[in-house]
Amino acid sequence: MSTTQPLFQHHKHCDEIFADAEEACAKGNWSAGEKAFAEFAGQLETHFLSEEEVLFPAFESATGMTSGPTEVMRGEHRQMRDLLAQMKVSLDNRDDDGFSGNAETLLIMMQQHNMKEENILYPMCDNALGGSDVGTSIASRLAGS
Amino acid sequence: MHPNLSFEQAPPISVPYRFLLAAPWFGVLAGILLAWVGGDVLGSRWTPEALALVHLIAVGFMLQAMSGAMFQFIPVAVGGNVSRPLLVANVVQPLLLVAALLLVAGFLFGAPALLSAAVPLFLVGVGVFAVVVLLALWRTPATGMTIWTMRLALAGLVVTVLLGSLLAEALARGLALPLIPLTNIHLAWGLGAWALMLVAAVSYFVVPMFQLTHPYPLWFARGFGPFLMLLVLIWSGLWLREDTSLAQASGVLLATACAAFGGITLWLQYTRRRKIDDATSLNFRVAMIALLVFAVSAALMAVQPQWAEDPRATVWLGMLAFPGVFVSTISGMTYKITPFLNWLHLQRLGAPIAAVPNMKKMIPAEAMTGQFRLHVLALGLLLAAVWLPALTRPAGLAFAVSCAWLGVNVIRALQNYRRFRDQIRASVLHH
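Chain order of the listed sequences is A and B. The first sequence begins at 1 in the working numbering and counts up one residue at a time. The second sequence begins at 146 in the working numbering and counts up one residue at a time.
Only chain B is shown next, with the shape it has when bound in the complex:
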């Protein structure tokens, strides 16, 4: 079979958009929840509200945006053919939306039946998505570390969901399982082997592309994914054996790997050829700084266990990882993906390129940088609120407004797409 370089199998525009449209509103819900409950809700990772919050971001905001972006990224960037994308998205997205809401409600209201109800929906939704995407990643004629790292990330997603399902059932049915070690393992797979792995895979491709940086060093791009996976496996084994001190030592290695990725990405950005900053490069920079602070904090807690005794310490790490690293990265990517999606689909309508509005006409630059500034303010308030409960309400409010602004920007991009499409169609008909 000859490779089809046209990558014409890019899915209908509604496929990635539906995920990117939904994602920010889970962030809005998380912010509202935080502002509503207020007080000392961030005092521990185990409160029902904290569990609901983290899952609003993880399986609401992150999973929606990351799966939607993969539908677009795999065909356009790595030439993989996601089969029947519209059908798959029609099945997967509603399952994941309902599953996320059930899970969050289950935590918040302490309702075992809701937790149990979420499990099969996650298993089927993620299962279908993973099979279809893995097939596409296996059949692509392209080569390179992005594809290999993406395959690892998919495996990470599957294990995360299996462990999450086990934990949800254990909570719902009161199964006698070691919940704390299993939660730590679930977290390492979700944050490390899935989310950071995917960010790395995408970064190998987009960081040099958007900002004309040097490529990631080959030894790093080859080694980082497998090394991260190995460390997550070691971490999991040690927690299963309940060998806490060795598990913490492996945590230092995990933190070092995260720091290496963050440090190299920042260095590449610093030495980039394209000196122009935009909402994407700024979001990436904030994400990588948050990743470095996360890595340093996690390493310090591992070597000075008394610092980790305060339950707020883990919440601090969570704030750095979820809103700090991943909400920032996803916002930055959204601001490149949606304008490019619009342009890609508009230029196929048959009008001359001169009649197709350029990428900067899709979302006003001020709306993106303004939202970015609010996101940084919200992130600062969230991090401070971990230690100063009086700030919880303003932090929640700021985060909700920032995510709503992101959501409105995506809606505006879609409205502009429709407007330009109608204009182009009308002008093509006239000629």
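Isolated chain A (complex conformation):
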């Protein structure tokens, strides 16, 4: 298993619960939507923190690249957290247009972000961190969430 394999798989898991939350709210099933959204927001936050607290620092110290791709990814995490907060406001207000619009925006943002990580950053991390225990530490964080 490569270092970033658990994160790669976790992207798919987050996609699935995103779709559940979006579908429930689109059908006006707000209580199921709230539950799925809380699960999604929690999983996404765990994912972001695993990268920000474990993967990125390890990559930065192994390569000396502190202001490169990891900084860009941190910035995108901030944007996605803001979009999540917007979704939460729409959900609390039972505003289905607002929720679906913010969900659509987050989805595209999140998918683009994932593609960049999966196609560029994760392979770089796998190269720099092969043989370290970073992958195991990330896997246990994600499993414990």
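Wrong hints could be hidden among the right ones.
Straight-line distance between alpha carbons at most 27 Å, and here's what the computed BS3-like set of lysine-lysine pairs gives [claimed, not checked]: (1) Lys88(A) to Lys420(B); (2) Lys481(B) to Lys505(B); (3) Lys481(B) to Lys12(A); (4) Lys88(A) to Lys481(B); (5) Lys12(A) to Lys27(A).
Calculated directly from the structure, the hints in this document are not laboratory data.
Please build the complex by placing chain B on the supplied structure of chain A, with the hints as guidance.
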């Protein structure tokens, strides 16, 4: 060089927009032409009107939209740096616009001088575009089948334009060239190696992304592009040798490859995780159904040549491919690209995300789905008009109105961008 994951080299918003704004109006012209001429204009692919129509869609609607989308897609999606995008767009777009109009006028009025005049403009316009985009695709740090398939598509575009230029000169100067085989080769490169190849490259990326489908199977994403290219090469070689029966047999293989792409895309959509439909997913579905019907029709004509004897049979294939597959796909993509473009540029203005209107505020959903329904009606009428000439005028009219509606929706997206931008700038200044 470290890869720049910010993809900040996304071009100024005016670069993709100018192409997406222009494209639908070529569809409007095609619809008006059809409604104007009416009658049996769809009785054969060789009438001046039919040649003008097909090129209004191919080098007007499709080439404008596809090149504009590539300017945006390559930096944002695959991290390629298109150098000097504003300058390139300033050069390429006017050349392609004028070239398309000259070519169409040349066909319509039987004017050799206009055909000849279009050729250098296409060669320079597409040449500059292809060089700049290929360089960007070669230098990107990203990997994956989208990029490889896009490189193949670019090669397909270049060969299509070279063959088209040769054909235009042959018509203009009365050169003794085998026009029918060359036209069939030109078509396979344009529809297969360029347009379908690009749709496949983009689909590998956007179908899983927009609808949370499974990815395309790796064997398919790896094999489809090279296999399609190989088949187009074989088809070309056989037509050059004027080996009609073997060429038709290779046509069956080409049709099968198209069907495989259409079938797999529909299957991925059917098993998607995101169950919500929008104008993009619906347009994609119509496009893939049209591709399947195209493939079945083409295969049947290859094995039962007497069915292909009716000149309308080829026009039927053309209707399925141009308005059916490609106008649908492009409309669907436009409805994702423009809202995302707006959002991407608005959120860079420095306001908090809460102050940036979300993607669904850019074009009203009803306007997109309403236009989609009209497009499906127009497509149905166009397909019926191939066999029932009395329907040609209503079909042309419906297609013109549908394309105009698409054009208005893009204009509305741009107006909303400007309105939101001014609001955000004003609020940033206040704080």
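A quick look at each hint next to the structure:
no.	hint	in the structure
1	Lys88(A) to Lys420(B)	21 Å, holds
2	Lys481(B) to Lys505(B)	10 Å, holds
3	Lys481(B) to Lys12(A)	22 Å, holds
4	Lys88(A) to Lys481(B)	24 Å, holds
5	Lys12(A) to Lys27(A)	23 Å, holds
Hint violations for this structure: none, all hints satisfied.
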